[in-house]
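Protein sequence lines, in the order shown, are assigned to chains A and B.
Throughout the first sequence, residue numbering follows our numbering, covering 1 to 112 in sequence.
Throughout the second sequence, residue numbering follows our numbering, covering 1 to 114 in sequence.
There's no promise every hint is true.
[Stated by the list, open to error] Using 20 angstroms as the maximum straight-line C-alpha spacing, the simulated EDC-like pairs for lysine to aspartate or glutamate come out as follows: (1) K78(B) <-> E62(B); (2) K78(B) <-> E18(B); (3) K78(B) <-> D56(B); (4) K99(A) <-> E44(B); (5) K99(A) <-> E5(A); (6) K78(B) <-> D63(B); (7) K78(B) <-> E14(B); (8) K3(A) <-> D66(A); (9) K78(B) <-> D57(B); (10) K3(A) <-> D56(B); (11) K24(B) <-> D63(B); (12) K68(B) <-> E44(B); (13) K41(A) <-> E14(B); (14) K68(B) <-> E14(B); (15) K41(A) <-> D82(A); (16) K99(A) <-> E1(A); (17) K99(A) <-> D30(B); (18) K99(A) <-> D56(B); (19) K17(A) <-> D82(A); (20) K68(A) <-> E1(A); (21) K68(B) <-> E18(B); (22) K41(A) <-> E11(B); (23) K56(A) <-> E44(A); (24) K17(A) <-> E58(A); (25) K99(A) <-> E44(A); (26) K3(A) <-> D57(B); (27) K78(B) <-> E11(B); (28) K24(B) <-> E44(A); (29) K3(A) <-> E44(B); (30) K99(A) <-> D57(B).
Worth flagging that the hints you see were computed from the coordinates, not collected in a lab.
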Amino acid sequence: ELKVEQNPLFLSMQEGKNYTIYCNYSTTSDRLYWYRQDPGKSLESLFVLLSNGAVKQEGRLMASLDTKARLSTLHITAAVHDLSATYFCAFAGGTSYGKLTFGQGTILTVHP
Amino acid sequence: DAGVIQSPRHEVTEMGQEVTLRCKPISGHDYLFWYRQTMMRGLELLIYFNNNVPIDDSGMPEDRFSAKMPNASFSTLKIQPSEPRDSAVYFCASSLGPGARGYTFGSGTRLTVV
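This is chain A alone, in the form it adopts within the complex:
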């Protein structure tokens, strides 16, 4: 069974601090995705990581992928309140190319 595990599931941060969200997956992955979801809203695509060692950055967020360790990270630098949301990792691969399997989500709250 394909599994994606995120940790932590809840993250309370102070503005200006750095933190990392981890995403472990259980089988070979072709692609790893990070999504953001605001309360009551849809999922917004943040990053797509396609190969081992891939690193992508957008503003205060940076995502990386280590396919050998089956691990992706989402690093938050100098957090601001606007980053408060739920972050999901998801992967596609294995025997079901078209199918995205999601992690449980990390609820991030950034405090002043």
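Add chain B to chain A, keeping to what the hints say.
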């Protein structure tokens, strides 16, 4: 492009009634997915289509759920009869396929069964 369009945005229905959710994928996308999101179970894939053909429906909870994709621009998810435990947000998403760089999600339908 208007993105993935879902309707209705909100649906409140009584237990036992039939509910139909609708989705229009992005033009040219040949994969379409139906997901369900609840607090308890997170995001679950219900079914997905490739070129209008159902590929994996192993996530469909039971026979009360059915999905169709009669053409490349339209899909429905039907629940008959509906039950309170079906209350959830249902998302439709589409993509270009295995090499796709992203899956685009619709705004979702919030279903409440009373």
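Evaluation of the provided hints:
{"no.": "1", "hint": "K78(B) <-> E62(B)", "in the structure": "holds, 12 angstroms"}
{"no.": "2", "hint": "K78(B) <-> E18(B)", "in the structure": "holds, 7 angstroms"}
{"no.": "3", "hint": "K78(B) <-> D56(B)", "in the structure": "holds, 16 angstroms"}
{"no.": "4", "hint": "K99(A) <-> E44(B)", "in the structure": "holds, 11 angstroms"}
{"no.": "5", "hint": "K99(A) <-> E5(A)", "in the structure": "holds, 17 angstroms"}
{"no.": "6", "hint": "K78(B) <-> D63(B)", "in the structure": "holds, 10 angstroms"}
{"no.": "7", "hint": "K78(B) <-> E14(B)", "in the structure": "holds, 15 angstroms"}
{"no.": "8", "hint": "K3(A) <-> D66(A)", "in the structure": "holds, 16 angstroms"}
{"no.": "9", "hint": "K78(B) <-> D57(B)", "in the structure": "holds, 13 angstroms"}
{"no.": "10", "hint": "K3(A) <-> D56(B)", "in the structure": "holds, 17 angstroms"}
{"no.": "11", "hint": "K24(B) <-> D63(B)", "in the structure": "violated, 24 angstroms"}
{"no.": "12", "hint": "K68(B) <-> E44(B)", "in the structure": "holds, 18 angstroms"}
{"no.": "13", "hint": "K41(A) <-> E14(B)", "in the structure": "violated, 24 angstroms"}
{"no.": "14", "hint": "K68(B) <-> E14(B)", "in the structure": "violated, 23 angstroms"}
{"no.": "15", "hint": "K41(A) <-> D82(A)", "in the structure": "holds, 15 angstroms"}
{"no.": "16", "hint": "K99(A) <-> E1(A)", "in the structure": "holds, 13 angstroms"}
{"no.": "17", "hint": "K99(A) <-> D30(B)", "in the structure": "holds, 13 angstroms"}
{"no.": "18", "hint": "K99(A) <-> D56(B)", "in the structure": "holds, 9 angstroms"}
{"no.": "19", "hint": "K17(A) <-> D82(A)", "in the structure": "holds, 14 angstroms"}
{"no.": "20", "hint": "K68(A) <-> E1(A)", "in the structure": "holds, 19 angstroms"}
{"no.": "21", "hint": "K68(B) <-> E18(B)", "in the structure": "holds, 15 angstroms"}
{"no.": "22", "hint": "K41(A) <-> E11(B)", "in the structure": "holds, 16 angstroms"}
{"no.": "23", "hint": "K56(A) <-> E44(A)", "in the structure": "holds, 16 angstroms"}
{"no.": "24", "hint": "K17(A) <-> E58(A)", "in the structure": "holds, 17 angstroms"}
{"no.": "25", "hint": "K99(A) <-> E44(A)", "in the structure": "holds, 17 angstroms"}
{"no.": "26", "hint": "K3(A) <-> D57(B)", "in the structure": "holds, 18 angstroms"}
{"no.": "27", "hint": "K78(B) <-> E11(B)", "in the structure": "holds, 13 angstroms"}
{"no.": "28", "hint": "K24(B) <-> E44(A)", "in the structure": "holds, 18 angstroms"}
{"no.": "29", "hint": "K3(A) <-> E44(B)", "in the structure": "holds, 12 angstroms"}
{"no.": "30", "hint": "K99(A) <-> D57(B)", "in the structure": "holds, 11 angstroms"}
Checked against the numbered hints given earlier, this structure breaks hints 11, 13, 14; the rest are met.
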